[in-house]
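Peer 1: Residue numbers (our numbering), protein chains in the order written: chain Z, 55 to 314; chain E, 55 to 314; chain G, 55 to 314; chain Y, 55 to 314.
If you're looking for bench data, these hints aren't it; they were derived computationally from the structure. All C-beta atoms, glycine included, are put in the ideal place defined by N, C-alpha and C. A couple of the hints might just be wrong.
Said to hold, decoys possible - Once the Cα atoms are required to be at most 27 Å apart in a straight line, the calculated DSS-like pairs of lysine-lysine come out as:
(1) G:K297 <-> Y:K236
(2) E:K281 <-> Z:K236
(3) G:K297 <-> G:K281
(4) G:K297 <-> Y:K235
(5) Z:K297 <-> Z:K281
(6) E:K281 <-> E:K297
(7) Z:K281 <-> E:K236
(8) Y:K236 <-> G:K281
(9) Y:K281 <-> Y:K297
(10) G:K235 <-> Y:K297
(11) Z:K235 <-> E:K297
(12) Y:K281 <-> G:K236
To be verified - Computed from the model, here is a short list of chain Y residues facing chain G with C-beta under 10 Å:
(13) E191
(14) I215
(15) Y221
(16) D227
(17) S229
(18) A230
(19) G249
(20) P257
(21) S263
(22) L305
(23) V308
Number of protein chains: 4
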Amino acid sequence: MRKPLPRLPLLLLLQGILNLFGIPDGQHLLRGRLGQVGDRGRGDLPDRRTGFGAHQLRRHDLTRASVGTAESCEAADEHGLLVVTEVMEIAQIEGMIPYVDLFQLGARNMQNFNLLRELGNTRTPVLMKRGIAATIEEVLLSAEYILSGGNYDLMLCERGIRTYETYTRNTMDISAIPVLKKLTHLPIIADPSHGVGIRDLVPPMALASVAAGADGLIMEMHPNPDKAMSDGAQSLYPEQLTKLVAQLRQLAPVVGRTVA
Amino acid sequence: MRKPLPRLPLLLLLQGILNLFGIPDGQHLLRGRLGQVGDRGRGDLPDRRTGFGAHQLRRHDLTRASVGTAESCEAADEHGLLVVTEVMEIAQIEGMIPYVDLFQLGARNMQNFNLLRELGNTRTPVLMKRGIAATIEEVLLSAEYILSGGNYDLMLCERGIRTYETYTRNTMDISAIPVLKKLTHLPIIADPSHGVGIRDLVPPMALASVAAGADGLIMEMHPNPDKAMSDGAQSLYPEQLTKLVAQLRQLAPVVGRTVA
Amino acid sequence: MRKPLPRLPLLLLLQGILNLFGIPDGQHLLRGRLGQVGDRGRGDLPDRRTGFGAHQLRRHDLTRASVGTAESCEAADEHGLLVVTEVMEIAQIEGMIPYVDLFQLGARNMQNFNLLRELGNTRTPVLMKRGIAATIEEVLLSAEYILSGGNYDLMLCERGIRTYETYTRNTMDISAIPVLKKLTHLPIIADPSHGVGIRDLVPPMALASVAAGADGLIMEMHPNPDKAMSDGAQSLYPEQLTKLVAQLRQLAPVVGRTVA
Amino acid sequence: MRKPLPRLPLLLLLQGILNLFGIPDGQHLLRGRLGQVGDRGRGDLPDRRTGFGAHQLRRHDLTRASVGTAESCEAADEHGLLVVTEVMEIAQIEGMIPYVDLFQLGARNMQNFNLLRELGNTRTPVLMKRGIAATIEEVLLSAEYILSGGNYDLMLCERGIRTYETYTRNTMDISAIPVLKKLTHLPIIADPSHGVGIRDLVPPMALASVAAGADGLIMEMHPNPDKAMSDGAQSLYPEQLTKLVAQLRQLAPVVGRTVA
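Isolated chain Z (complex conformation) (with noise of 0.2 Å):
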């Protein structure tokens, strides 16, 4: 049994936060004061942030994109925010890094193993999420493609599974979390939002993610879902936001860790 690291705050990261202030397009993550990460070596994440749209390098091409990075950067730097923009081909790596703060590595990557030896080669910190059918183990294999690099700025994120059950959008394995803080040090993030895909189911499992021993959450948020550029459904209300970290903060105590 390994020591275990000394427990930091709960990272919170919010996607849609920049909708708060008047800037619509694409999917930004708030790392604002609520928390910060640890890692196997290097510290917290870096502390001052440019800005980026997840949303639009689904959408368009890397030009494009980065035409758009321009501006949500500024955007981002002017309200404290932290930059994680999904990375889905090696040759949108470099280009990149100047701007994003963490990358989001999606579930249906998690098994392209040359992106991943990629991102193993960058110091920028990266957040894996579970691939919708992987076991345990293949998202340690997985880690292992991203470590073996050298970077070590690596987050797990359980993020549910496909079953048969089709009542949520998936199946979110809270067991994973635990099982994973026993085999490894790298962070537990929860993403409760894909995880369910139903806005109101999105505070409870929030709660229980926590309660499992979760390292940090990743949730969307919106002013007004239903204008949402996607996945309004499962995006949450400001008002539920509040009351969610409050709830939090309260739990967070229960499990030896705080809120910031």
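Here the structure of chain Z is known, so what remains is to put chains E, G and Y in place on it, guided by the hints.
Peer 2: This is chains E, G and Y only, laid out in the frame that chain Z set:
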């Protein structure tokens, strides 16, 4: 949206508790003073309890189980315990009724419709476990077989579903808890012991279940799990249980609950 | 590796065949002159049959089913049909024995161990369907409950398992057929009607099952499926059945079999 | 319902065939004289072929693979073989085009949309394997990424999905074959080697796939499987292959096909 019932204290059902008193063979459930469960009209669970060994019924025929019953009942009575036992065929029901506080319907029998219908004709409370591959909709359909007979003292139990993941014994579908809370007034119990099948994962999954809205927990404990007749690997040590109950006391108010 | 039994002709069980003779309500199985099944010691299935409506037992209580029985039995007798019916509880067994040629144990009851044990105490052949989430190992364990009582006239039936795929009703695990053939001497029957739940997919899946080594098929047919009491959407038209049987006659020799 | 294409002979793709000629390291696919594949407008696969080791690309970088290529190409040319190789990142495409007759897109990359789009811009035929947890609908959506670029030489491949069953490596969804045949004109290939992962199960599953309507098979073979660089446990012995091809010749006419 239905008007929510008043929130009752969490129900904690502990299998194997008679072992603490030196009564070794058989599995029993403790209500003790930890909580009680609400139902759709009849009030709390009955107050007097007798004793019955759930496990024996699986191993022996009804006659021998009835012999075991008398002894277990006395012990349970003496220690103020609730008696819960698994019922596996129609012919067992009548003989069990005088001794049992709560019928447990196992996951394998969740779609044994003839048995369900007969349990609906009794007035003994029933804890119905979700089938290992049952959808949430099928859980509700099976519940109707019991309710339609007029037995409203029904609790539903999430105890893990079968997925491709083999690290844990089953995959606990924690999201089924808030979904079921939305769709029905019936109390929802979580069974982390069977859900994960690994002792050290039981406490985090118990906390997660309550954080997600569970009305109660059913867990296995044993003073000497290596000598347990069954399910030793997932039985909590007494000291783990003590620590967990302390955490549950802290957690309950976050979700508007108490631990009695 | 056990010495293989002599290869018998394919067994074709056709549900709904009495409808061809204007006996509309109830589902019946035809053996007719198409084939017969081997077992582990007793020879072929008995040769003369009576009549029984499988479907009625699901809908009505035993008394009314028994009434239905007498009529169906006469019809079956008259047309030389085999009578197969689903048994759902222990109390039904005794009353059914005089009328039934083959007990069908439904997928939902594959782990209803008390019922299995009682069926093992009879000498009526049993067709045991694989549970919707049962592993191959669990199929064999359930089979042991019947065999250990001395009833060796047991056939196992692959009828589809539950997966994430929703296009078909279930996912037929065709590979379970050669696996089971390797692990046991028991005849393996395939049920493409329930396996896929879509009429036009039944013939290709029937052919695939036999190509993979199945000893027989159970299929639903109806002269007017839109008016079928149940399962109309997966019932073959008579002309589809005629064409399929012709294809099976061609296919059987490829895998060393015949169609009688 | 679309008008069916003329039925072409079954396509048999055999990985590892170069080993028969003493060219040991690398996996190759043989078309030989066994058959050819239809497409949506362009005619048969190209007739001239070169040589390429699929496996090498997985193990080495592109430069070394290119070296391997030249040798393998010569060997393939000499023996009249088709060259199929897995492509794993966009940067590999251009270098591969001159050497490759058929790109294989692995199951792990079925939703690597950027790679799919680039393959759609080539005019080299593509064999796209179904993702391990992909629905039939998702297979068709991924196919659109390739077709929309104008590359119509696309074959889809059922190679097993992930279920709870662990006896076989994956569970081959044989019913996906007739479903896909109904929904698209694209040829459907079955991959029983990866589908089950056990040598002795490959022949029955190959027969089942063709009986269900598959347009072709991809299988692994090796003259000495214990010494295979990978996948030895699922590679057919040459004599198994010979017997299977004889059975396929008999089976093909039952479903209106031929083996060339």
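Peer 1: For every hint, state whether the structure bears it out.
Peer 2: Going through the hints against the structure:
1. G:K297 <-> Y:K236: 19 Å, holds
2. E:K281 <-> Z:K236: It holds: about 26 Å lies between the C-alpha atoms, which stays within 27 Å.
3. G:K297 <-> G:K281: Holds, at roughly 22 Å.
4. G:K297 <-> Y:K235: 19 Å, holds
5. Z:K297 <-> Z:K281: Since the Cα atoms of Z:K297 and Z:K281 sit roughly 22 Å apart, the hinted pair holds (cutoff 27 Å).
6. E:K281 <-> E:K297: 22 Å, holds
7. Z:K281 <-> E:K236: 26 Å, holds
8. Y:K236 <-> G:K281: 26 Å, holds
9. Y:K281 <-> Y:K297: 22 Å, holds
10. G:K235 <-> Y:K297: 19 Å, holds
11. Z:K235 <-> E:K297: 19 Å, holds
12. Y:K281 <-> G:K236: Status holds; Cα separation ~26 Å.
13. E191: 7 Å, holds
14. I215: 6 Å, holds
15. Y221: 5 Å, holds
16. D227: Nearest chain G Cβ about 5 Å off; hint holds.
17. S229: The hint holds - Y:S229 has a Cβ within 10 Å of chain G, the shortest such distance being about 5 Å.
18. A230: 8 Å, holds
19. G249: 7 Å, holds
20. P257: This interface hint holds because 9 Å falls under the 10 Å limit.
21. S263: Where the cut-off is 10 Å and the nearest Cβ of chain G is about 7 Å from Y:S263, the hint holds.
22. L305: Result: holds, 5 Å to nearest chain G Cβ.
23. V308: 5 Å, holds
Every hint, counting from the list given before, is met by this structure.
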